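Asks: Starting from the known structure of chain A, arrange chain B on it as the hints suggest.
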Amino acid sequence: DAGVIQSPRHEVTEMGQEVTLRCKPISGHNSLFWYRQTMMRGLELLIYFNNNVPIDDSGMPEDRFSAKMPNASFSTLKIQPSEPRDSAVYFCASTRDSNQPQHFGDGTRLSIL
Amino acid sequence: AQSVTQPDIHITVSEGASLELRCNYSYGATPYLFWYVQSPGQGLQLLLKYFSGDTLVQGIKGFEAEFKRSQSSFNLRKPSVHWSDAAEYFCAVAPAGSGNTGKLIFGQGTTLQVKP
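Those protein sequences? They're chains A and B, same order as listed.
Just so you know, we're using our numbering here: the first sequence kicks off at 16 and counts up by one.
Just so you know, we're using our numbering here: the second sequence kicks off at 653 and counts up by one.
Keep in mind that the hints were calculated from the coordinates and are not lab data.
Since the model is a prediction, treat every value here as computed from it, not as a measurement.
The C-beta atom is built at its ideal place from N, Cα and C for all residues, glycine as well.
Heads up, a few of these hints could be off.
As the list claims (entries may be wrong) - Covered stretches of chain B (in silico footprint by chain A; criterion: 3 or more residues with CB under 8 Å from a CB of chain A, positions within the stretch not fixed):
| no. | segment |
| --- | --- |
| 1 | 694-707 |
| 2 | 754-763 |
Claimed, not checked - Below, a list of computed lysine-lysine pairs in the DSSO-like style, where the Cα atoms sit at most 27 Å apart:
| no. | chain 1 | residue 1 | chain 2 | residue 2 |
| --- | --- | --- | --- | --- |
| 3 | B | Lys701 | B | Lys713 |
| 4 | B | Lys755 | A | Lys93 |
| 5 | A | Lys39 | B | Lys755 |
Looking at chain A on its own, in the form it has when it is part of the complex:
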């Protein structure tokens, strides 16, 4: 079975540019999570969706961050405009239901210059 698929794996861009990260959850999984991982703050939950509906976005750092899930097989995390402090590894995870473990993608390593 295909796991959670994230693209791109690496992204390097200049500050001020728009960045779009993509995630395809495992087929049949109803919940999708976006995390950010940094050395200073560890793994932080940014937002999660259940049945394509955003449930909790309290972890989104500021209005420059937005996330969408237009259908059950695709989600995006967008940063506009990007800043150097947004540099991190961004993970997407999915789960069949809230009582099952989350499955993680390999992440997108984002560098904002």
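Replies: Same frame as chain A, but now just chain B:
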């Protein structure tokens, strides 16, 4: 506040030696408990989970963990470490039962180095 503490940031063990990684949590009730492993450049892979029942749970790659309610701990163990076990290990909790929203709270992680 809910929290997960992994007291050891970095641990080094010799190949073939036993391993124990510590995890303590602060929660209102017994949560769901997880251990994940992250190899460099990779995502997190689930090693094992505890939902209920037997407090000693077996996972993949020869790992096990024991839930101790009285100590609010969920320590990860392996009897004999292999060089390929070098990675970062994360303990995580989520509210159990009807209160479970699927949100995970992660510890800061423990980096395991294995000496030949």
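Asks: Which hint numbers does the structure go against, in order from smallest to largest?
Replies: As far as the earlier hints go, not one is violated by this structure.
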